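Let chain C serve as the given structure and place chain R on it in line with the hints.
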Amino acid sequence: MTAIGILERPPRTPGLAGASGQVALRALRKYIRTPGLSVMGVVQSVLFLFSFRYVFGGAIHAGATSYVDFLVPAYVASIVLFTGGGIAVAVAEDKVQGFTDRMLSLPVPRYALVLGRTIADSATNVWTILSTAAFGFLFGFRLPGTWQDGLAALGLCVVYAVVFTIVFIVMGLFAPNAQAAQGMSLIAFVFAFISSAYVPATSMPGWLQPFAKYQPITPMVDAVRSLLAGSASDVGLALAWSALLVVVFTPVAVIRYRRG
Amino acid sequence: MTTGNAAPLIAARGITVRFGKVTALDGLELTAQPGQVLAVLGPNGAGKTTFVRCLATLVRPDSGELRVRGQDVVRDAASVRKDIGLAGQFAAVEPTMTGRENLEMTARLFGHRRAAARRAAASVIEQLDLSEVADRRSSTYSGGQRRRLDLGASLVGSPRLLLLDEPTTGLDPVSRSEVWAAVRRLATSGTDILLTTHYLDEADQLADHVVVIDHGRTIASGTLSELKASIGQDVIEVAVSDPRQLAEVARIVAQVTSGPARPEPTGQRVTAPAPAGPGQLGEVIARLAAASIAVEEIGLRRPTLDEAFLALTGATDAADTTDAADTTDAADTLDNQPASAGQNNIGSRS
Chain C
1 MTAIGILERP PRTPGLAGAS GQVALRALRK YIRTPGLSVM GVVQSVLFLF
51 SFRYVFGGAI HAGATSYVDF LVPAYVASIV LFTGGGIAVA VAEDKVQGFT
101 DRMLSLPVPR YALVLGRTIA DSATNVWTIL STAAFGFLFG FRLPGTWQDG
151 LAALGLCVVY AVVFTIVFIV MGLFAPNAQA AQGMSLIAFV FAFISSAYVP
201 ATSMPGWLQP FAKYQPITPM VDAVRSLLAG SASDVGLALA WSALLVVVFT
251 PVAVIRYRRG
Chain R
1 MTTGNAAPLI AARGITVRFG KVTALDGLEL TAQPGQVLAV LGPNGAGKTT
51 FVRCLATLVR PDSGELRVRG QDVVRDAASV RKDIGLAGQF AAVEPTMTGR
101 ENLEMTARLF GHRRAAARRA AASVIEQLDL SEVADRRSST YSGGQRRRLD
151 LGASLVGSPR LLLLDEPTTG LDPVSRSEVW AAVRRLATSG TDILLTTHYL
201 DEADQLADHV VVIDHGRTIA SGTLSELKAS IGQDVIEVAV SDPRQLAEVA
251 RIVAQVTSGP ARPEPTGQRV TAPAPAGPGQ LGEVIARLAA ASIAVEEIGL
301 RRPTLDEAFL ALTGATDAAD TTDAADTTDA ADTLDNQPAS AGQNNIGSRS
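Residue numbers (this note's numbering), protein chains in the order written: chain C, 1 to 260; chain R, 1 to 350.
Looking at chain C on its own, in the form it has when it is part of the complex (with noise of 0.2 Å):
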């Protein structure tokens, strides 16, 4: 039998992007390994997209536009608000189990929690994007342009994704437990439902819309519909609003972290 006693030490301290990867791979392993994480989400999140899709969908009056193509680039833009609950649910969990303790405990960068936790998040997020986007053309959604322009709104769905994770994890630090993160994160159903995602805004009462219209997630959706159209109109204010975000959110959850 070996003895601890003569076991080697480690050379070194690990580097930010091994221990990040580290932090990301036991994440990404959690997700794929849970199927209520990783099939359900994506059933969850087609559940949504079907019942209005053909449920509430024929009463709207989206302008112009088929309310399947109205729709499904928002939805797809948005999911992240309804799967991030998730995320701040499993960052409060590591907090509560000791796993969070331990990784402090360790000689590891104090940014890799935070970036690890990062890149798997999107990484699941990407994948809920990529199976709500192809239930979308199966709902009978098309793409009004080129595909070029529905890659580079695929792509700027993903750059939320990202920043909308770090703030899902922010939350999942404040929230004292996971069911308190689960209700901390429905605040988020507030910002994905007054907004033009789902309904036009004009179509609100008056008190309401200045809200609609102001608030990040109106100009995040309005920039993806209009990549898809060939335009890029509302892109800079969606990425200010991204930029914004990460910039403040980012620090927090780094201190908030380091707290323990």
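There is no bait here: all hints are sound.
Covered stretches of chain C, going by a simulated chain R footprint (3 or more residues, C-beta under 8 Å):
{"no.": "1", "segment": "10 to 21"}
{"no.": "2", "segment": "26 to 40"}
{"no.": "3", "segment": "105 to 118"}
Since the hints were derived computationally from the structure, they do not count as laboratory data.
Here the structure is a predicted model, which means the values were calculated and not measured.
Beta carbons are placed, not taken as given, at the ideal position from N, Cα and C, and that holds for glycine.
Relative to the frame of chain C, chain R by itself:
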């Protein structure tokens, strides 16, 4: 600071930690030398976990100075982290990953390269007797296996100091003894260990040196026998077959020892300090025989840590701890150890 040629393993000077209005540590003093297992003993809420979190660089002391192998936990946090391995109160292993995957991941996070991480994981698996389950997801593990895996995860970086925060809380008796055996093996192989516990029998089983803390302060420190000796005299313990005779036994024992004789709450035993030791034991045996009382077990023993602890903290403080379910578990594992028989949980005598 230190007069010796080497820095102590742990040196805590006046550590204070406040969380809002709660003072978790209130000027804690502690020194630990390398080459031993140190148990930090105290009731729930005494500050044990906070102290471990300070050592693990997770909590910064509000005042005082805390050094691990001479390195300050605040200023030299990065070097301290290279020297410690933490196994917290919850088994922080990923249930969807196998034992081996968990260990290899942690080894990488300690700074091992891939091949070295594999070797470290394999070695720890063997050392902690996890070979049979190493390639199963840890969600299928028993409580004891999961704790041992967690212990292993804190070990794969071969730390100089292992921090175990209540390593057996919530485990069944079999799992408990598995973890104890693992800790003993580690100690034998030369790893320095600090463990916290509120089970006196655990400290009795594992530790060379005990520090008793309560309300965030050190109230006693020493070797186990010093601690037991600090409350002095031997104890006569009588177990009866018929609980109805307990009062009569208590009366006889009290007469002989001319002091208070205490019937245990379980209704099976009487214990009493016996200043004159063996002579009084003989006298008690003779009188019980004369009264035709059937005795299951009778003996003279050193006081248990439990009794030492009660003497140190006072019964009121000990009453804060309630862990009725665990108490039974603790007693079960100790049936063959008369020296610490009975219920060694702090709360059990309240």
